[in-house]
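J.: Chain by chain, the residues:
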Amino acid sequence: MTEKNGLAIEVNDLTVAYRDHPVLWDVDLEVPSGVLMAIVGPNGAGKSTLIKAMLGLVKPAAGRVIIHGKPYSEQRHLTAYVPQRGSVDWDFPTSVLDVVMMGTYGKLGWFRRPGRRERDVAMQALAQVGMEEFADRQISQLSGGQQQRVFLARALVQDAQVYLMDEPFQGVDAKTERAIVDVLQELRSQGRTVVVVHHDLETVREYFEWILLLNVQRIAGGPVEEEFTEENLRRTYGGRVPFLNTGGGAAGGSGVSSPELKSARSR
Amino acid sequence: MAIPLTELFTDYTLRTVALGAAALGTVSGSLGTFAVLRKQSLLGDAISHAALPGIALAFLLTGSKAPFVLVLGAAIAGWIGTLVVMAVVGATRIKEDSALGIVLSVFFGIGLVLLTYIQKLPNASQAGLDRFLFGQAATMLERDVIVIAGLGAVALLVTGLFWKEFKLLSFDRDFGATVGFPMRFVDVVLTSMLVISIVIGLQTVGVVLMSAMVVAPAAAARQWTDRTGGMFILAGIFGAVAGVSGAMVSSTAARLPTGPTIVLCMSAIVLLSLTIAPNRGLVWAWFRRQHARRALRVDAVLRDLEALAGQHATPGHGHPLATLEAMRVGHGNVSRSLGKLEERGFARRLPNGDWALTDRGAREAARLHESGNGGAA
Chain Y
11 MTEKNGLAIE VNDLTVAYRD HPVLWDVDLE VPSGVLMAIV GPNGAGKSTL IKAMLGLVKP
71 AAGRVIIHGK PYSEQRHLTA YVPQRGSVDW DFPTSVLDVV MMGTYGKLGW FRRPGRRERD
131 VAMQALAQVG MEEFADRQIS QLSGGQQQRV FLARALVQDA QVYLMDEPFQ GVDAKTERAI
191 VDVLQELRSQ GRTVVVVHHD LETVREYFEW ILLLNVQRIA GGPVEEEFTE ENLRRTYGGR
251 VPFLNTGGGA AGGSGVSSPE LKSARSR
Chain B
387 MAIPLTELFT DYTLRTVALG AAALGTVSGS LGTFAVLRKQ SLLGDAISHA ALPGIALAFL
447 LTGSKAPFVL VLGAAIAGWI GTLVVMAVVG ATRIKEDSAL GIVLSVFFGI GLVLLTYIQK
507 LPNASQAGLD RFLFGQAATM LERDVIVIAG LGAVALLVTG LFWKEFKLLS FDRDFGATVG
567 FPMRFVDVVL TSMLVISIVI GLQTVGVVLM SAMVVAPAAA ARQWTDRTGG MFILAGIFGA
627 VAGVSGAMVS STAARLPTGP TIVLCMSAIV LLSLTIAPNR GLVWAWFRRQ HARRALRVDA
687 VLRDLEALAG QHATPGHGHP LATLEAMRVG HGNVSRSLGK LEERGFARRL PNGDWALTDR
747 GAREAARLHE SGNGGAA
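Each protein sequence line maps, in turn, to chains Y and B. So the first sequence is numbered by my numbering: it starts at 11 and just counts up by one. So the second sequence is numbered by my numbering: it starts at 387 and just counts up by one.
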C-alpha cells in the first residue's frame with residue numbers, strides 16, 4: 011500500500027460511542043505530511059476522544075486509522091502521544107529525567123532498562139524544551155507549564171513522524187507556550203506532522219496551517235486560510251464562539267464585530 | 387520488648403517465626419508500593435478477604451493442611467476475586483470501589499460459612515484453619531517459611547524483571563499503551579504478584595488485617611523518599627521490621643493474636659513517618675508554615691511603615707509602635723517583626739522609641755509591590 015498523496019494521517023468513518031451515546035460520529039480526516047494541525051471545537055465535541063481513538067486507547071465502534079499508509083497498529087513506532095497533563099498523578103515518586111526516559115521504553119522493548127544512551131537522548135529532549143536543569147527534580151515540584159514541557163520532551167524522545175498532542179497549551183505560562191511553539195515549528199521543519207487539540211481560537215492562525223473543526227461530527231477541515239471562517243466556527247460552536255480573531259481578515263470576516271460575538275469575547 | 391534478642395538466634399521456633407515474618411513483610415510491603423501508587427489500596431483488602439473461601443475449599447477438596455495446598459487455594463480464590471471485580475466494573479455501572487466492597491464481603495461471607503462447616507466435621511485434622519482469620523505466627527513451621535520465601539522470591543524476581551513496565555503502568559497507563567506495551571497483560575502480571583504477596587502472609591497475619599501489610603509500609607515509605615525504587619526498598623524494610631517485631635511479641639506473650647500485633651507495630655512506623663519524615667512530615671510542614679507566616683507578617687509591617695511614610699513629606703519620620711500595632715490588630719507580634727526589620731536594616735528605632743523606614747527599607751517595600759507578594763494589605 012503506497013502513501014496516498016503523502017498523507018500522514020488518514021481516518022475513515024471513525025465512530026465512537028459510550029453506551030449508545032455517540033461521542034464521535036462518522037469522522038473522516040486527512041492530514042498531509044509535515045503540517046501543524048489544530049483540532050478545535052466546543053467542550054464535549056470529542057476532540058480528545060478523536061486522538062485517543064486514533065491511538066487505540068478508546069475502542070471505536072467503527073472506522074479505521076491509517077498512519078503513513080498502514081494501519082496504526084503497525085505504525086505505532088512512528089507515532090507519539092502527549093496526553094493532557096492532568097491525566098497523571100504528579101505526586102508520583104519519580105524524577106523529571108525518569109519520566110522523559112519513558113519515551114525510550116517503546117524502542118527498548120520488554121525488560122531492558124534504560125542506560126546511558128537513553129539518558130543522553132532524554133537530556134537532549136529536556137534541553138530542547140529548556141528544562142535540562144530540572145532533570146533530577148522530583149516531578150511534584152514542577153509548575154503546570156513545566157509539567158507540560160516534560161511531557162513534550164518525553165514525546166520528542168520517541169523521535170516519531172506523527173505527534174498527537176492533547177491540549178498542550180492548556181493553562182501554561184507564556185514561557186512554556188513559546189517553548190511549545192518553538193518545538194512545533196522545529197518538528198514541522200523536519201517534515202513531521204503534529205496534531206494538536208487546541209482551545210485558543212485567537213492563536214490558531216498564528217500557530218497552525220491546517221485545521222479540523224469538530225463537534226461530534228466533522229464540521230470542516232483543511233487549510234486554515236480556507237476553513238477557519240466565521241461561518242464554520244458558527245456551525246461548530248453553535249453561534250457561541252468563545253473567541254474570534256478579528257485581525258488577519260478571515261474569509262467572510264465581515265460579520266466579526268457583531269454584538270453577540272463581542273459580548274462573547276469579553277466573557 | 388521482653389524477649390532477649392539473643393534468643394532470636396538460639397531458639398529454633400523463634401528463629402523460624404522471625405524468618406517467615408521477615409520474608410512476608412518484605413514481599414507484601416514492597417509490592418504494596420504499586421498498590422498504593424495506583425490508588426488500589428482497597429484491592430489488597432478484597433484479595434485477602436476473597437482468599438478465605440479458597441483456603442477452606444482447598445482443605446475440603448484435598449483434606450490436606452500442607453501450606454502449599456492452602457496457599458494455592460488462597461491464591462486461586464484471591465485471583466478469581468479480582469477477576470470478578472474487573473468483570474463487575476466492565477459489565478455494569480457499578481464503580482470500582484463498590485465492586486471491591488461487594489466482592490470482599492461476599493467472598494468473605496462464603497469463607498466464614500465454609501470455615502464453620504469445617505469446624506463441625508468429625509475429623510480431628512480440621513483444627514487450626516481459623517488461624518487464617520486473625521493470623522498466628524507461633525505455629526509457623528519450617529515448611530511454611532520455605533513456601534513464603536519461595537513464592538516471595540518469585541514475586542520479587544518477576545517485579546525486578548517487569549520493573550520498567552510496572553512503573554509505566556502505575557504512572558501513565560495510556561502512554562504505555564501508545565509505546566506498544568499490552569498494558570492489560572502488564573496489569574494482570576502485577577496483580578498476580580500482588581496476590582502472591584498477600585496469600586503468603588495470610589497464615590501469619592490473617593485475612594482480616596493482611597491489607598494493612600500491603601498499604602501501610604508503602605504509605606510510610608512514601609514519606610521518606612521521592613523515588614519509586616527507594617519507596618519499594620524502604621516499604622520492604624518497614625514490612626519486615628513490623629513483621630518480625632509483631633511476630634516476636636505475639637509468639638512470646640500468651641494468646642496475643644499475631645495479625646493485630648504486627649499491624650500495631652506497623653502503625654507505629656506509619657505514625658512516625660507521617661509526623662517526622664522530612665519534607666512530607668506534619669511536623670516539618672508545621673515549621674514551614676510558621677516560618678512563612680512570620681515572613682509574611684514582617685513584610686506586612688514593612689508595608690505599613692511605607693504607607694505611613696507616604697503621609698509625611700520628610701523621609702525618616704517616626705511612627706509610634708501603637709500606630710503600627712493598630713494597623714495589624716490580631717496579626718501577631720508587631721515589635722518582633724520590627725526587630726526583624728531592624729536586623730535587616732529596613733527599619734530603625736528613633737531615640738524617642740518611634741519607628742521609621744530606612745532608605746533600604748523603602749526600596750525593599752517597592753520591590754515587594756513589584757513582585758506582588760502578598761497583594762494589597
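No lab work stands behind these hints, which were simulated from the structure alone. Worth double-checking, as some hints may not be accurate.
Derived CB-CB ranges, DEER-like [to be verified]:
#, chain 1, residue 1, chain 2, residue 2, range
1, Y, A137, B, R746, 50 to 56 Å
2, Y, S153, B, I662, 25 to 31 Å
3, Y, A137, B, D740, 39 to 45 Å
4, B, S578, Y, R244, 21 to 27 Å
5, Y, K80, B, L658, 27 to 33 Å
6, B, L707, Y, E216, 36 to 42 Å
7, Y, S153, B, W670, 46 to 52 Å
8, B, R749, Y, G201, 51 to 57 Å
9, B, S578, Y, H31, 44 to 50 Å
10, Y, P32, B, V475, 21 to 27 Å
Some chain B residues close to chain Y (C-beta under 10 Å, calculated; not the full set) [to be verified]:
#, residue
11, Y398
12, L423
13, Y503
14, R683
Every residue, glycine too, gets a C-beta built ideally from N, C-alpha and C.
J.: Hint by hint, say whether it matches the structure.
T.: Each hint tested on the structure:
The supplied range of 50 to 56 Å is broken by A137 (chain Y) and R746 (chain B), whose beta-carbon atoms lie about 39 Å from each other. S153 (chain Y) and I662 (chain B) have their C-beta atoms about 29 Å apart, which keeps the hinted 25 to 31 Å range intact. As the Cβ distance of A137 (chain Y) to D740 (chain B) is approximately 55 Å, the hint placing it in 39 to 45 Å is violated. At roughly 54 Å, the beta carbons of S578 (chain B) and R244 (chain Y) sit outside the given window of 21 to 27 Å.
Under the hint 27 to 33 Å, the C-beta atoms of K80 (chain Y) and L658 (chain B), about 57 Å apart, miss the expected range. For the pair L707 (chain B) and E216 (chain Y), the supplied restraint of 36 to 42 Å is violated, since their beta-carbon distance comes to about 57 Å. The hinted window of 46 to 52 Å between S153 (chain Y) and W670 (chain B) is violated, with their beta carbons roughly 22 Å apart. Look at R749 (chain B) against G201 (chain Y): about 53 Å separates their beta carbons, and that is inside 51 to 57 Å.
A hinted range of 44 to 50 Å is violated for the C-beta pair S578 (chain B) and H31 (chain Y), which are about 35 Å apart. Our hint of 21 to 27 Å for P32 (chain Y) and V475 (chain B) holds, since their Cβ atoms are close to 23 Å apart. Hint status for Y398 (chain B) relative to chain Y: violated, with the closest Cβ pair at about 40 Å, above 10 Å. About 6 Å separates the beta-carbon of L423 (chain B) from the nearest beta-carbon of chain Y, less than 10 Å, and the hint is met.
Taking 10 Å as the C-beta cut-off, the interface hint given for Y503 (chain B) is violated, the closest approach to chain Y being about 42 Å. The beta carbon of R683 (chain B) comes no nearer than 26 Å to any beta carbon in chain Y, farther than 10 Å, and the hint placing it at the interface is violated.
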